[in-house]
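So the protein lines, in turn, are chains A, B and C.
Using the working numbering, the first residue of the first sequence is number 1, and each one after it goes up by one.
Using the working numbering, the first residue of the second sequence is number 1, and each one after it goes up by one.
Using the working numbering, the first residue of the third sequence is number 1, and each one after it goes up by one.
These aren't lab readings, by the way, just hints derived from the structure by calculation.
Incorrect hints may have been included.
[As the list claims (entries may be wrong)] Once the Cα atoms are required to be at most 30 angstroms apart in a straight line, the calculated DSSO-like pairs of lysine-lysine come out as:
| no. | chain 1 | residue 1 | chain 2 | residue 2 |
| --- | --- | --- | --- | --- |
| 1 | A | Lys263 | A | Lys68 |
| 2 | A | Lys383 | A | Lys263 |
| 3 | B | Lys40 | A | Lys188 |
| 4 | A | Lys221 | A | Lys81 |
| 5 | B | Lys40 | A | Lys68 |
| 6 | A | Lys188 | A | Lys81 |
All values reported here derive from a predicted model rather than from experimental measurement.
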Amino acid sequence: MNEAKNGILNEPFEVQAGPVASTVIVGAGPAGIRAAQTLLAHGLRPCLLDESLRGGGQVYRRQPEHFKRSAKALYGFEAGKAESVHATLDQLQHEIDYRPETLVWNAEARTLDTLRNGRAAQVPFKHLIVATGATDRILPVPGWTLPGVYSLGAAQIALKFQGCAIGERVVFAGSGPLLYLVAYQYAKAGATVAAVLDSSPFSAQARALPALLGQPSTLAKGLYYRAWLTAHGIPVHQGVHLHDIQGERRVSGVSWQQGNQRKNLACDAVAFAHALRSETQLADLLGCEFSWSALNRAWLPTRDAAGRSSVEGVYLAGDGAGIMGADAAEMAGELAALTLLGDIGYRIDRARSIELQRQLEAIQRFRQGLETAFPFPEDWAAKAPDRLTVCRCEEVSAGDIRQTVAEGHWEINRVKAMCRVGMGRCQGRMCGLAATEIVAHASGRDIASVGRLRGQAPIKPLPFGVEAEQ
Amino acid sequence: MALLKRLAERDRAVLPFTLDGQPASGLQGDTLLTAVLTAKDSLRGSDFSGEPRAGFCLMGACQDCWVKLGDGRRVRACSTMLEADVFVSREPGRSV
Amino acid sequence: MSQPFEVDAVVIGGGIVGASAALFLALSGKRVALLERDFFGSHSSGVNYGGVRRQGRPLSQLPLSRRAHEIWGDLRAFIGTDGEYVRSGHLKLARSDKDMAALVAYEQASRGFGMELQLLDHAQLRARFPWAGDVAVGASLCAEDGHANPRLVSPAFASAARRAGAQTFEQAHVSEVAHDGQSFLVRTASGLSFRAPWLLNCAGAWAAQLARQFGEPVPMRAGHPAMLVTEPLPMFMDVSTGVEGGGIYARQVARGNCVLGGGQGFPLDPATARPGQAAILEILRNAVELYPPLAGAQAIRTWSGTEGYLPDREPVLGASSTQPGLLHGFGFAGSGFQIGPAAGEALAQMVCAGASNIDLGAFSINRFQTHPPLQLQSHPPTPAIVVPSGTDNVTPLFRGRSNP
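Bound conformation, chain A alone:
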């Protein structure tokens, strides 16, 4: 990003006053950092709230301070981008009101409620950029609660942030770009990758080729990981339905179905996910309007092409409002900041804003291609056995959910009220989408009509005995 291009500071309509910035960003990943940078370049000093210790988001999460691996070793092809995002945060953090290790647990009346080191505080805002990111999208499989089973993102974090593999012999399963990337990173780091089990058939990836060619470098990286794994003798199976994960008190193996064949493999760890899902609780508590996204197969906060939500003064950027990846997040963060600045009377570089929108549209087309290449396994709900634990917090099974549907319930919050699915500590982050799939399938309803789990404070658990800051 070119700061010189960002135009000359104009007098804003509203004067910044008081000890707290009235422009706030939630999330210090690629979107939030670029948003902060853009605001600062125009003379606005935002407050940047982030749950993590050192920023970077999940994708560019930094290893602890005294670790020694190079950016190349950690981020591969993306090392340059990761270093740039980190360097930007390092530069910014003393010029803005940067608050790491700060959980935003509620939003109410244009005030965010935060928790930092056991102390509660309030952060009022006039303008807010929500860049809350994503977590893995999980379609549970019998045995997924066993020690040794992690999400794909978790497997990557163990390696990147802690220098650890999740086991001695690891199976990677699911679908999406992360599947091959993490398997590759593990193998490169010296772990034993027992197999890669891709739920999408090879034919789907061939079909997706035209759309994927829109982002040739991304496509090339994907093909590279896939080819590297095969070249190094790592078995890659496609069109696979992960049947179950076995083990008594920890993982001992997996079995899967490929065509008519059932296959087994011994392993002591499994990493799996089907792409990503947006973290939308904060947008929900802020009152943002949601709409159904067929592409993401999820209800998402609506944003216009420039990043505005339906709530005045609230902007959405990055994967928290629809999965588009890290590059798009950087652009969307900058774009949302420019839009915000324009809306409050700053002179901005309109051409830059239009260019960002154009680039994001191109990524969106590529994203369509990825969805074709790694299609959502729509038969997952039909295949999920009754004994499958869907909600790992409340230990609610697929059979429990189907029983609730059989009693006449079909709306997801209602199903939650009846059988507790999604009611536990994680508030349905891990199981909500899977539960919705089962409810839709069991009730014969369209997936969109089942609804979405309402966001409820606290966004994450909140301790008793919490004291007010100051």
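Mind docking chains B and C on chain A? Use the hints.
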């Protein structure tokens, strides 16, 4: 037995701590999750069937890695850094 | 539009009062239609604290509450589930000698209603409930009171009504109510219509609108209890608890979660509410001195709902004074869960027998009348009035004590 396997960054200062009343050690820069799971194979018991759990998402989302500290605080092991001489205890969960 | 359903009674509002009324009417062989705008028991009947408590109610409510206690005792027979109902006891804690004196006075005044209250001094409290915080100087125990899961119990009353023969409709927003001099005509936005000689107004916080349409305005206000639940904790407390003078109330369910309430939230729109950060933080800061085992625990979810309050905190329960065939049952001031089934039964008795077994005089809508009632004999037909979806008469209650 250990769940996680250290592949890199092994050259770090050793931090002693107490796990379930027994002496244990981790490395500087470990999360509590790493420190525990490079020695043991679970972090907690599930709430309603007492089954072993060892976290899942490692990014503070799944809430399945809570452990108890000596001062009574309960924390997510995946997002809490190990400090020397800390007391960590694993809760067994229960069957309802 | 299709022909209206001809029934004996239409019940508007599928909370615990309306669903119980529908259940008892169906059990008496009446044709009844139960209409709910959202889902059965999804508002204050389903999201309340879950206290099933006689102790602490005004004496005026105790006859009805005593009957409700019998229904709760036979809950599975009535609704086919126990809804996690347990007669755990209800312990009302006193934080000062003055509060303890109020508990003593209540024990004396409420004798004769079968509650068998036991007064505990500091030592007795400590001996029987060792978890109680030192701020409690004494308590009053009603051993046969208890708690239940409102999410399960309230919808189960509607399911039981359906099994007993009632026609039950969810997502049925009433858009129009009229009376042609002989019977009521009720239409829903979903295109249903009903004709019936009896209409039961059990629409909770939204009931004042219908009352006003029939010339009986009531000064109803909305309250929004702040509620939260903890993660599952080791069992330490079996009784449901409250505090004399208001404040925090808490119970622990068999799965280990503690449900706590206290203070007021705020409305998001006429149909939904949030607990509000101030009330949540207040509970998190103050609960530990009353319930020390909560130290170190985490709250995992908060919620609120919309409850109807009349100025005297008594419900409106009984016949309309302006419109024959119209019965009211609303305004339970956040305390309708325990008493709801008996209130529904009393309304059903008025339809079936012309009067309820229990005197409802204290709950008459007449108490809000500013001019004499209309002459019932010469009552003219009420023109159809379209009920708007907004509820302008529901105004937020000031933040104050809740009524556990």
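Comparing the hints with the structure gives:
1. Of the pairs offered as hints, the one joining Lys263/A and Lys68/A is violated, with about 40 angstroms between alpha carbons and a cut-off of 30 angstroms exceeded.
2. Between Lys383/A and Lys263/A the CA atoms are separated by roughly 17 angstroms; this keeps the pair inside 30 angstroms, and the hint holds.
3. Between Lys40/B and Lys188/A the CA atoms are separated by roughly 26 angstroms; this keeps the pair inside 30 angstroms, and the hint holds.
4. Of the pairs offered as hints, the one joining Lys221/A and Lys81/A holds, with about 15 angstroms between alpha carbons and a cut-off of 30 angstroms not exceeded.
5. Between the alpha carbons of Lys40/B and Lys68/A the distance comes to roughly 26 angstroms, so the proposed pair stays at or under 30 angstroms and holds.
6. About 20 angstroms separates the Cα atoms of Lys188/A and Lys81/A, which keeps this hinted pair within 30 angstroms; it holds.
In summary, the one numbered hint that this structure violates is 1.
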